[in-house]
Amino acid sequence: SSGINAEYGGNYTRASKPANIAVISKRVSHNVIYYYTNYAFISALLIVYCIISSPLLLLAITVSGTACYLISTQKEGKTLQIGGHTFTPKDQALIAACISLPLLFFASAGTVIFWVIGLTCSVVGIHASMMQLPNEDGTEFSEMNAVV
Numbered sequence: 326s327s328g329i330n331a332e333y334g335g336n337y338t339r340a341s342k343p344a345n346i347a348v349i350s351k352r353v354s355h356n357v358i359y360y361y362t363n364y365a366f367i368s369a370l371l372i373v374y375c376i377i378s379s380p381l382l383l384l385a386i387t388v389s390g391t392a393c394y395l396i397s398t399q400k401e402g403k404t405l406q407i408g409g410h411t412f413t414p415k416d417q418a419l420i421a422a423c424i425s426l427p428l429l430f431f432a433s434a435g436t437v438i439f440w441v442i443g444l445t446c447s448v449v450g451i452h453a454s455m456m457q458l459p460n461e462d463g464t465e466f467s468e469m470n471a472v473v
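Each residue of the sequence shown is one higher than the last, beginning at 326 in the working numbering.
Worth flagging that the hints you see were computed from the coordinates, not collected in a lab.
It cannot be assumed that every hint is accurate.
[Stated by the list, open to error] Pairs of lysine to any residue, SDA-like flavour, derived with a Cα cap of 20 Å:
id : residue 1 : residue 2
1  : 415       : 431
2  : 403       : 417
3  : 342       : 448
4  : 415       : 404
5  : 403       : 418
6  : 403       : 420
7  : 415       : 402
8  : 351       : 420
Computed from a prediction, not measured in an experiment: that's the story for all the values here.
Let the hints inform the model, and build the full structure from the sequences given.
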């Protein structure tokens, strides 16, 4: 056959409406493992989309990440002195957290996390329940069925 299915390896004939909840359960448990990498890639794309589409979230993550990186790359036991105050690495991490948490809160990081989780679960659930198991339609693994 020709077209996009043959070119990219998509097999859309394996999609069908599940007969009952038991079939859904079997399909989801098999397909989540089988398509794991695809589902992880979808989640990663959604996370990148959320970060890029929200400049404040991008700023908050950049500030938090930079602060954590700078604190972690200091020599062990090195303190920071500002205005007569001495800050240990533990104090610096606490200050970084006190700055990062409000930034992440105002950037709606929690909303983004739950949006990504919800959308990923919906897409994965629908896809995994609609894709037939390899031997469910009787066309694949026919050689194995003949041996058994």
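Hint by hint, here is what the structure shows:
About 25 Å separates the Cα atoms of residue 415 and residue 431, which puts this hinted pair outside 20 Å; it is violated. Between residue 403 and residue 417, the direct Cα distance comes to roughly 11 Å. Compliance with the 20 Å bound is thereby established for this hinted pair. For the proposed pair residue 342 and residue 448, the alpha carbon gap of about 15 Å is at most 20 Å, so the pair holds. Distance check on the hinted pair: residue 415 and residue 404 sit about 9 Å apart at the alpha-carbon level, within 20 Å; holds.
Taken as a hint, the residue 403 and residue 418 pair is honoured in the structure, with Cα atoms around 13 Å apart against an allowance of 20 Å. The hinted pair formed by residue 403 and residue 420 meets the criterion: a straight-line CA distance of about 16 Å does not exceed 20 Å. Only pairs whose Cα atoms come within 20 Å are accepted, and residue 415 paired with residue 402 is accepted, the gap being roughly 10 Å. With a CA separation close to 49 Å, the supplied pair residue 351 and residue 420 exceeds the 20 Å bound.
When each numbered hint is compared with the structure, violations occur for hints 1, 8.
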